[in-house]
Structure formats: structure tokens, C-alpha cells
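There are 2 protein chains.
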Amino acid sequence: MAATRPYVIGLDLGGTNSVFGIVDKDAKIIAQTSVKTGKDDPETYVNRCVEALKVIINNVGGIEKIHAMGIGAPNGNFYSGMVEEAANLPWKGDVPLARMFEVKLGIPVVLTNDANAAAMGEMKYGVAKGMKNFMMITLGTGVGSGIVVDGKIVYGSDGFAGELGHVIVEKHKGRQCGCGRKGCLETYCSATGVARSAKEVISTSEVETKLREIPLEDITSYDVFKAAMDGDPIAQSIYEFTGRLLGEACANFTCFSSPEAYVFFGGLTKSGDLLMEPLRKAYDENVLRNYRGKTKLLISALDDASAAVLGASALGWDIERAD
Amino acid sequence: MAATRPYVIGLDLGGTNSVFGIVDKDAKIIAQTSVKTGKDDPETYVNRCVEALKVIINNVGGIEKIHAMGIGAPNGNFYSGMVEEAANLPWKGDVPLARMFEVKLGIPVVLTNDANAAAMGEMKYGVAKGMKNFMMITLGTGVGSGIVVDGKIVYGSDGFAGELGHVIVEKHKGRQCGCGRKGCLETYCSATGVARSAKEVISTSEVETKLREIPLEDITSYDVFKAAMDGDPIAQSIYEFTGRLLGEACANFTCFSSPEAYVFFGGLTKSGDLLMEPLRKAYDENVLRNYRGKTKLLISALDDASAAVLGASALGWDIERAD
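Going down the list, the protein sequences come from chains A and P. Letter 139 of the first sequence, counting from 1, is numbered 139 in the numbering used here, and no numbers are missing. Letter 34 of the second sequence, counting from 1, is numbered 34 in the numbering used here, and no numbers are missing.
When chains are identical, the list treats them as one kind, so a pair holds in a single copy or across two.
With a Cα cut of at most 30 Å, we get these calculated BS3-like pairs of lysine-lysine:
1. Lys124 / Lys104
2. Lys294 / Lys173
3. Lys36 / Lys65
4. Lys92 / Lys294
5. Lys296 / Lys92
6. Lys92 / Lys54
Hints were generated in silico from the structure; no laboratory data involved.
Bound-form chain A, shown alone (with noise of 0.2 Å):
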């Protein structure tokens, strides 16, 4: 059934902030708040958020033209509509996000992690409009993955599947990774693996390169990018060396739900052939040959800002309600 009311909420839960939009059903954004996600017990920060919910709810008509809320958060599960144990989010255990929203603004209210949200987005409104069976990357401060099979997304026995930054790519001597395991994708092909990458060549090695007049501890990606451009060779071995694994990962990711797409998103994306040059070249030099020229490898074309929020709105267009 179609749903009768006109828009739907989009919460995009991050570390630092928590935005919110009003969403049309042409997807557009059309109102907008945010607040600061702090340190709050959950209890308050939903407070917090209901409050400045109900200034743009009121401005657009009332929470009777809302349909539902879609939320991606870190750790989301779209089954128990919990955010468990967010590494990066100030609570601890359990925090039952989903029905704290239903209860206080009283619509269906769904939850699932934000590379699945950013995985939906770009099913309803992205490059991947239009696909059924397509894997989406998020390259930000860590590695994430939705991964959509037959047009839904896959969450598996305990709603959290597709955790692919955690896929271990390097067995041996792999770098340490915060989930305490060694050699996870994330390590390397993240934003903080690409300045690792750069810390790691200045301090084993004598090699020239502009990163070096940058003090160590504080390079990041973005100045690994910037002497990159700038043709510095050590930073663009560096770009060269993280595309490689990715496209070699991916290239082992095909074997599992042979997508028609992968779809890169988030900072690192921002490198473009950079990164995406020596990707496209692994994955074609390592995928098993009954895969070979299939799959496209796309950059994201929603803009970082907008993305999750839309990405989780979609989700609430999924809920079904009567009224």
C-alpha cells in the first residue's frame, strides 16, 4: 500500500552530530535541523532531538504529514531497532533508539546501521537506482558495507551482516585494529589507513616526500591527497597500495553475491582516480574469470551532506501503516 502522508524523517546519526531532514516523496530535503550528538544519556539526547524535531515538523504541517523515521546509526539493528554497543557513541549496552522515538513522536520509527542507510539512499535515489544485487562502501574514518541482494538489504541471522571493513585482508603481519583483531580491511583502506600508510613509510624508511614536513602524528588522508596531486611519488604509492587492496578485496567479496556494482562512498572517494585507477586494476586483474567484466565500480553521486539523511529516510518509506 502506498503510504497516504507525504513525508518521512531521515535521522543521520554520527559521532559528532545528529542531522535531521523532512523528506518529500521526490526526495527532496525539505526541511532541515540538527543537533549535537554530546555526551548525553539517551533518554536526554532523544529529549534534545524531539525539541528541535517538532520546530521543522510544525513548519512543514504537523506529525500528521509524517509517514515514519528512518534512522542510521552506528551499530544500528535494523531487527531489535537498538544501537548495541557503539564504539564510537557515548552509551553503553543496549540503547532501544528506535522505540524511544516511536513513543515520543508517536510514528513507526526503523534503525539500521549507516552503511546500510547510505546502501538504501543510493537504491532509491543514487547510482544504483535501479539495482537488485550491489554492495556499497562507505571509506570514511573506518570501512563500512551494505550489502543489498535481490533489492533488499542483507542483515542475517542477528541483523548485523555486512560488516566487510572487518573482512582480515592481510593473515599475516597485519596492522592492529580497533576491533582487536589484526589485518581488517579498515586498517588499510580507510581514511586513517591511508594516513597510517603514510606514517608507516616515513618512519621505516628514508625516503623523500613533502609528507615529511608535515609533523608525523598529524598527517591525514587529505594531505596524503594533496602531495599525491601535487606529484609526490611516495603519497601516490600510497594512493596506488590502498586501491590495490580494495580492488583485490572486492574482487573476493564478488565470489560471495556477484553484484552488478559496487558503490564507493565517503571521504576517500574524494581522491577519484587516485584511488580508484589501481582499484579498478586489481579487481580486474584478481576476479575469478566467470565474473570478469561484469561489475561496475561507481563513486557515489549524492552529495556527503544530504546522503545519509536521505539514505535513512528511505527506510521509513519501507514501513507500512494503515492510516
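Place chain P on chain A using the hints.
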């Protein structure tokens, strides 16, 4: 709509034999026959099959009693109904096997690859009964896989999803695989892989092992199994190595679809704890914290001879027909 006809046909198409079973709604194989797969062209092969089938079809009351037919075949593609470029079969190119049987028999026919058929069998009749999310791993000459998400086999964009035997698990100095790439899981964790490990140890070291009594080229995984059961430490270490590698690989696979269980099937599972103990240990040590303690590692309880036929036949029940 429930099928009104009482039986389905299952075909397990192997490199050597093609085994047919007529199966009732209680998963009982009520009639069985087989032909040599042989080297004939597809047309002649199908004619031979149909001739053999007619005898058992008549025995159960004629084709009017048969709802549909399911085929499990190497490189079988569910979407196209074709066997596509199968290395172990004598046919060149793509063979529209489902349609060929449909025309000859006058019933609907579906086809999938052998590991997907095995997964169907486990889901309908085996240890995965009632599960919505699990992975089937077949450990035979090669390593095959069938991935079930949300109660359905994952076919992906082209019908070739679920080739986990070709995930590259050793990037550095990996073993040459039949697929042309190096380091694929199946070069280590198949029956062939175990024999290869034995040959490698014997030919590159001076270690003492009973396996030296066997001509190098003749060593099979069963020889390694027997030697291990006899207390040969080298043979034991080979199973240890194999199980560990498979456990590490499965720990990575869990990041995709967070399955409720892995179901292992095929020759190599006959080694029981010799394989499963190091497998479980490596899995537990390597899986991401979110998933720890959640996933069952099971050996199929279906017997080899009937599992493939039952699995293929299970596909038949999923076909809708009006009459």
C-alpha cells in the same frame, strides 16, 4: 499454491554419473536410476537420460504424477537454465539443459549449481531445516558453496553468486588454482588440497611420515586421513592446517551475511574432528566480536548418495504450476 501432483524428479549431474531420483513430499526417494554422464553431445545425453527416466516414471504412475524436475550441475545457472562452460563436463559453451529436459518430458525444469542444490537439500531436509540464513560449504574435489539469505539461495546479478571456493585466502605465494588464479580456498581445503599439502610437505622436507610409503603422485586425502588416525603427526598437522585455514576463511565469510550456521558436506567431512576441531578453534579466534559464539559449525547429516538428488528435487517443489 501447494503442488497437487505427488512427486518431483531430482537430477544430480556429476562428472562421472548422472543420478535421478523420484521424490515424494516426505523427501522419500521412491524410485532411482542413473546413467553415465559420458562424453556425448548434450542432445544424445538428454535422450539417454530420458530413456532411463521413462522406466521409473512409468513405475510411479506416469508423467502426470510429476510436478517438476530440479537439476544440480557444475556451473549450472539458475537464471538461464544453462550449464555454462563447466570445466568438468564434456560440453563446450552454454548448454540449455533445463529447456532440453522440459521439451522432452513436458514438465517444468529448473537448474542450479551442485552446491546450491545441496544447500536447498539441507534447508528442506537436513541440519539447516528451519534456518533462514546459513552457508553450505561442500568439500569435495573442489570447494563449492551455496549461500542462503532470508530463506533464499543467493544467485546475484548473473546467477553465479556463491563461489567461496575461489576466494583468495593466500595472497602471497598462493597455490596455483585450476581457475587460473593463485591462492584460492579450494587449492587448500578440498580433498585435492589435502593431498597437495601432503605432497608439498614430503617433497620439500625430510620429515618422517608413513605417507612416504605411498608413491608421491598417488597420495589421496583418504591416505592422509588414515595416517592421521594411525597417529602420524605429519598427517595430523596437515588436517590441522586445513581446518585452520577453513576456519579463518569462514570467520571472514561471516562478515557478509552473518549466518546462523555453516553446513559442511562432502568427502573431507568424513575426517570428523580431525578437520572440525582446528576449524572451530580458528573460527572462534578469528571471527569479529559481534558474531562470536553465535554461529553453528555443522556437518551435514544427509548421506552423500541421496543428498544431491534430494537437494535438486527440492528446487522442483518451488516451481509454481497451475495444473
